[in-house]
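S.K.: The lines below spell out each chain.
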Amino acid sequence: MAPQKKEPISKKERLQIPRQVMPQQDPKERIKNFNEVPYGLPTEMAQTEAMRCIECKKPLCIDGCPVEVDIPGFIKLVVDGDFIGAAKKIKETNALPAICGRVCPQEEQCEKVCVLTKKHTPVAIGYLERFVADYEREQGEIEIPELPPPTGKKVAIVGSGPAGLTVAADLAKMGHKVVIYEALHKAGGVLIYGIPEFRLPKSIVAAEVNYLEKMGVEIHTSFVVGKLDTVDELFEAGFDAVFIGTGAGLPNFMRIEGENLNGIYSANEFLTRSNLMRAYDFPEADTPIFVGENVAVLGGGNTAMDSVRTSLRLGAKNAYIIYRRSRNEMPARIEEIHHAEEEGVQFNFLTSPIKYYGDDNGWVKKMECVKYELGEPDASGRRRPVMIEGSNFTIPIDTVVVAIGNSSNPLIPQTTPGLETNKWGNITVDEKTMMTSRPGLFAGGDIVTGGATVILAAGAGKVAARAIHKYVMGITFDEGEKDKEGEKAKQA
Amino acid sequence: MNKILAKKELCEKIHQFKIEAPHLVKKAKAGQFVILKENEAGERVPMSIGGLDKENGVLTVVIQEVGKTSASMNRMKVGDSFSDVVGPLGIPTHIEKFGNAVCIGGGVGIPPIYPIAQTLKAAGNHVTTIIGARTKGLLIYQDELSEASDQLLISTDDGSFGTHGFVTTILQKMIDDGEKIDFVMAIGPVPMMKAVVNTTREPKIKTFVSLNPIMVDGTGMCGACRVTVGGKTQFACVDGPDFDGHEVDFDEMTKRLKMYVKYEKKSYDKFLEDEHCRLKKQIENTK
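So the sequence lines, in the order shown, correspond to chains A and B.
What the first sequence shows, in the numbering used here, is residues 655 to 1146, in sequence order.
What the second sequence shows, in the numbering used here, is residues 8 to 294, in sequence order.
Treat each hint with caution, since some may be false.
To be verified - List time: in silico EDC-like cross-link candidates among lysine to aspartate or glutamate, alpha-carbon distance up to 20 Å: (1) B:Lys277 x A:Glu938; (2) B:Lys239 x A:Glu913; (3) A:Lys1009 x B:Glu259; (4) B:Lys262 x A:Glu911; (5) B:Lys273 x A:Asp935; (6) B:Lys265 x A:Asp1013; (7) B:Lys36 x A:Glu887; (8) B:Lys34 x A:Glu890; (9) B:Lys272 x A:Asp935; (10) B:Lys269 x A:Asp1014; (11) B:Lys262 x A:Asp1014; (12) B:Lys269 x A:Asp935; (13) B:Lys262 x A:Glu913; (14) A:Lys1025 x A:Glu983; (15) B:Lys33 x A:Glu887; (16) B:Lys277 x A:Asp935; (17) B:Lys211 x B:Glu254; (18) B:Lys33 x A:Glu890; (19) A:Lys1019 x B:Glu259; (20) B:Lys211 x B:Asp183; (21) B:Lys34 x A:Asp886; (22) B:Lys36 x A:Glu989; (23) B:Lys213 x B:Glu186; (24) B:Lys265 x A:Glu913; (25) A:Lys1019 x B:Asp258; (26) A:Lys1009 x B:Asp256; (27) B:Lys61 x A:Glu887; (28) A:Lys856 x B:Glu47; (29) B:Lys272 x A:Glu938; (30) B:Lys262 x A:Asp1013; (31) B:Lys269 x A:Asp1013; (32) B:Lys265 x A:Asp1014; (33) B:Lys269 x A:Glu947; (34) B:Lys33 x A:Asp1013; (35) A:Lys1020 x B:Glu186; (36) B:Lys273 x A:Glu938; (37) B:Lys239 x A:Glu867; (38) A:Lys831 x A:Glu867; (39) B:Lys269 x A:Glu938; (40) B:Lys34 x A:Glu887.
No wet-lab data here; the hints were simulated from the structure.
Computed from a predicted structure; not experimentally measured.
The whole structure should be built from the sequences, with the hints applied where relevant.
M.R.: Next up, the structure:
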């Protein structure tokens, strides 16, 4: 049945519609599989939710979106039953709606500033974005936008994560030739190796990558820039500009005793084995993963939640989150914490390990922890955890996943003379243009900001794409615009 | 996709592959490594470079069958392709004119010695290469190494060829004879590398080893390849693979290499069983 247009109703009536709740897999069932947890809104619910948008005169949601999606515009099209039109509307500024609809922290962005938030609950913008992107894909009607005549300019993109994919899409839409170089064997970066299937199905990433390829973007996988060709060699090969979006690929460890015992993983390794290498399907897929009965995941971010929920699905009996601060300071999305709780994850706040004990074969068996209390706020504005003397205790553990963030990968800075980095090794850029210390060389995403989110990387990619366009076309930066972009970049 | 151009059985369960990889070969230097992946569901396995044909863009890799992945790769034929050959990875071996250099190889650590010996010789060193095997039939790369070195010395555990004993038997004799050794590079099984560094520790001979721990991405992203060197954790993929042998915690490395033994066995057994069934069916069909 073709989608129907909804009849207009009054603002008062709109305000009376409750926010729709997305159906999801039962927690008891879902911890036994890797299928996606939320099912998505059925058409009727999506249109009902869309009717909740009161079409305010000065919508704030667009400014809340790092990639500037015309949110009221696409929601109106959902009400009208023109779902394909809605998808196209989003894709005018966001090449990755099915991904963003799933993994963006909307509650911190568009939904946070929605006019309804103050007195009611915000419009479920993320749900609707996902709905239209899924509708389009499932209808098999993904059309690429009409492309302008080729400009003859070539841009190389290093890394195919959210930043790189966004830059690629935007530049392709402007008629530039785009070539992406990806070090791993599959395109998608963290969307493929990091975020689990149950949160972001790989087929969705593949479809969005495929969309870029349809627009003429060339993708070379298993190509390690810095080792195969350096950035300078890419310029010599005729690229007019290069964008670095290699992510924050160097896992942090705590540097405590026993950390190299068997059974202790970085989150990057744990998730890469499970997601990219499909270790959950061992021995059908060749890469193994070890998950014991008692799994401790260190950290309180989305990566920690992804790891701990993965461990449950791989057979952990007790899956713990060990976090040095309290619940309020956890950087993970509320939805993810909630999902983890529903699935039986045990949270240990104000706790941190100080030492691991292993057996004779080098396998971790026990973890010694100490308790913390919250002191004065630190530079991040969060209350600083202070160790409580003598609070040591040990817990039996046979798998540990260290999810306490990443440092920047040195491969590109090491092999690119003149590329400036800060003291953490992150590439420094002009915030207005995302251009590095090297003319024509741009960077964005985690390699610039340190570990952040998919959408902020995409947002940085958007700013970079505009600047790259101007750079390769020889257009000077407009002052007013410069400032506006600077603000955006700062948010990113 | 990287095509297999030639394949040769060097000895039981050890095969040499010549793989088309022009771009990689152009960039690769002695001491670096590659990651091979056979197909979609395949593992990413780090492999040493056993030769670089710069002129024809051909990469040589030697694979020993130790589990499912290596067994499956060793059954690939000329004309088949690896889905991925990634690299060159790691930092090349530091080569300078040391004077008298000794290269030591054991097992599948022998092939990567070859490009290193070549490069050391080209840098003006006098190169002695020592290789060892359990028995004569398992010795590989003799022709290549005698060409690349000023002198090639061989040991076998059972005395079936060359010196009866280990590579360190030969090395110890050189030291005892008062031969001047300025640099040692050792690549092979962990017990061999450990024995070599124990031999050179006392006489304080600069000794480097090339480590091949378990890896996933090979670019510093996962940390699977953590090794302790000089009391500090290093990532073999980006900080190595070469390290000062006297600083390496080999015992930790040995344990870490065994992390997936149970899984590897399960996977290998299944592979062999499937292969057996397949062959049986084939025989029945031809009857």
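S.K.: Confirm or reject each hint.
M.R.: Here is what the structure says about each hint:
1. B:Lys277 x A:Glu938: Within the cut-off at roughly 10 Å; holds.
2. B:Lys239 x A:Glu913: The given pair, whose Cα atoms are some 11 Å apart, holds under the 20 Å limit.
3. A:Lys1009 x B:Glu259: holds (17 Å)
4. B:Lys262 x A:Glu911: At roughly 16 Å apart (the allowed maximum being 20 Å), glutamate 911 (chain A) and lysine 262 (chain B) satisfy the hint.
5. B:Lys273 x A:Asp935: Given pair lysine 273 (chain B), aspartate 935 (chain A) holds - Cα atoms ~13 Å apart, limit 20 Å.
6. B:Lys265 x A:Asp1013: holds (14 Å)
7. B:Lys36 x A:Glu887: Since the Cα atoms of lysine 36 (chain B) and glutamate 887 (chain A) sit roughly 17 Å apart, the hinted pair holds (cutoff 20 Å).
8. B:Lys34 x A:Glu890: Roughly 15 Å separates the two Cα atoms, so the pair holds.
9. B:Lys272 x A:Asp935: holds (16 Å)
10. B:Lys269 x A:Asp1014: holds (17 Å)
11. B:Lys262 x A:Asp1014: Roughly 9 Å separates the two Cα atoms, so the pair holds.
12. B:Lys269 x A:Asp935: holds (16 Å)
13. B:Lys262 x A:Glu913: holds (13 Å)
14. A:Lys1025 x A:Glu983: Roughly 16 Å separates the two Cα atoms, so the pair holds.
15. B:Lys33 x A:Glu887: holds (13 Å)
16. B:Lys277 x A:Asp935: holds (14 Å)
17. B:Lys211 x B:Glu254: holds (12 Å)
18. B:Lys33 x A:Glu890: holds (16 Å)
19. A:Lys1019 x B:Glu259: With Cα atoms ~16 Å apart, lysine 1019 (chain A) and glutamate 259 (chain B) stay inside 20 Å; holds.
20. B:Lys211 x B:Asp183: holds (14 Å)
21. B:Lys34 x A:Asp886: Satisfied, since the Cα-Cα distance of roughly 14 Å is no more than 20 Å.
22. B:Lys36 x A:Glu989: Roughly 49 Å separates the two Cα atoms, so the pair is violated.
23. B:Lys213 x B:Glu186: Holds: lysine 213 (chain B) and glutamate 186 (chain B) sit about 14 Å apart, inside 20 Å.
24. B:Lys265 x A:Glu913: holds (16 Å)
25. A:Lys1019 x B:Asp258: Measuring from Cα to Cα gives roughly 18 Å; hence the hint holds.
26. A:Lys1009 x B:Asp256: Distance of about 19 Å is within 20 Å: holds.
27. B:Lys61 x A:Glu887: The given pair, whose Cα atoms are some 19 Å apart, holds under the 20 Å limit.
28. A:Lys856 x B:Glu47: holds (14 Å)
29. B:Lys272 x A:Glu938: The hint holds at about 14 Å.
30. B:Lys262 x A:Asp1013: The given pair, whose Cα atoms are some 11 Å apart, holds under the 20 Å limit.
31. B:Lys269 x A:Asp1013: Cα-Cα ~17 Å, so holds.
32. B:Lys265 x A:Asp1014: Roughly 13 Å between the alpha carbons, so the hint for lysine 265 (chain B) and aspartate 1014 (chain A) holds.
33. B:Lys269 x A:Glu947: holds (16 Å)
34. B:Lys33 x A:Asp1013: Violated, because 46 Å separates the two Cα atoms, which is more than 20 Å.
35. A:Lys1020 x B:Glu186: violated (50 Å)
36. B:Lys273 x A:Glu938: Roughly 11 Å separates the two Cα atoms, so the pair holds.
37. B:Lys239 x A:Glu867: violated (44 Å)
38. A:Lys831 x A:Glu867: Between lysine 831 (chain A) and glutamate 867 (chain A) the Cα gap is close to 11 Å, so the pair holds against 20 Å.
39. B:Lys269 x A:Glu938: Satisfied, since the Cα-Cα distance of roughly 16 Å is no more than 20 Å.
40. B:Lys34 x A:Glu887: Given pair lysine 34 (chain B), glutamate 887 (chain A) holds - Cα atoms ~12 Å apart, limit 20 Å.
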